[in-house]
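Colleague: Per this note's numbering, the very first residue in the sequence shown carries number 1; after that it's consecutive.
If you're looking for bench data, these hints aren't it; they were derived computationally from the structure.
A portion of the hints provided could be inaccurate.
[Said to hold, decoys possible] Dumping the calculated DMTMM-like pairs for lysine to aspartate or glutamate here, alpha-carbon to alpha-carbon at most 25 angstroms: (1) Lys70 to Glu100; (2) Lys113 to Glu18; (3) Lys17 to Asp92; (4) Lys70 to Asp88; (5) Lys113 to Glu100; (6) Lys136 to Asp110; (7) Lys70 to Glu143; (8) Lys70 to Asp110.
Just so we're clear, the structure is a prediction, and the values are computed from it rather than from any experiment.
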Amino acid sequence: MSYQVITRAERINLFLKEYYFGNSTWTNSVRIVGGPLVIGCGVYLYPSSLHFAVGYGGFCLVYGIYYLLKPAVIILVRPALFQTAEFDLHLDTEVLTVQERGVKVTVRYDSFKSIRQQSEYYAVKLPEKMTIHFRKSQLTEQEQATLNQHLTA
């Protein structure tokens, strides 16, 4: 059993990496380039003499700024998602058990959508789009070997 601590700053950093680089190539590209591209379209259309183009240009500017700042908005509006997490982790050959503040949850490995190995973390993705990260430096070698057996990506 290992004790895991993931600080607020680490959780924000992991969220941003997952938001921009944790999906398909198409989704990652749109999230990186989409906001500036829509803002550029708005700047191009706004000075036009046509009322439709002015309205559409204004909408593009507002939506592009929102899309560009969306990760920051999520971080500011939902601070509970980024609180420091402290929990005990126990890995068996068939199940993963997490205990946090007296609540114990046991989950079979085959119920996870994916288990990925990253540079400093293991990312365990649940079917409901939630991802739990386990820091490698806080896992024993046996626990790392167990997770390596169940890697999906």
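Colleague: Each of the hints needs a verdict: does it hold here or not?
Modeller: Here is what the structure says about each hint:
The suggested pairing of Lys70 with Glu100 is violated, with an alpha-carbon distance near 30 angstroms, which exceeds 25 angstroms. The hinted pair formed by Lys113 and Glu18 meets the criterion: a straight-line CA distance of about 15 angstroms does not exceed 25 angstroms. Restraint check for Lys17 and Asp92: not satisfied, since their Cα atoms lie roughly 29 angstroms apart, outside the 25 angstroms limit. Only pairs whose Cα atoms come within 25 angstroms are accepted, and Lys70 paired with Asp88 is rejected, the gap being roughly 32 angstroms.
Taken as a hint, the Lys113 and Glu100 pair is honoured in the structure, with Cα atoms around 22 angstroms apart against an allowance of 25 angstroms. With a CA separation close to 21 angstroms, the supplied pair Lys136 and Asp110 stays within the 25 angstroms bound. The straight-line distance between the Cα atoms of Lys70 and Glu143 is roughly 36 angstroms, outside the 25 angstroms bound, and the hint therefore fails. For the hint pairing Lys70 with Asp110, the CA-to-CA distance comes to about 33 angstroms; that exceeds 25 angstroms, so the pair is violated.
Hint check: violations occur at hints 1, 3, 4, 7, 8; the rest are consistent with the structure.
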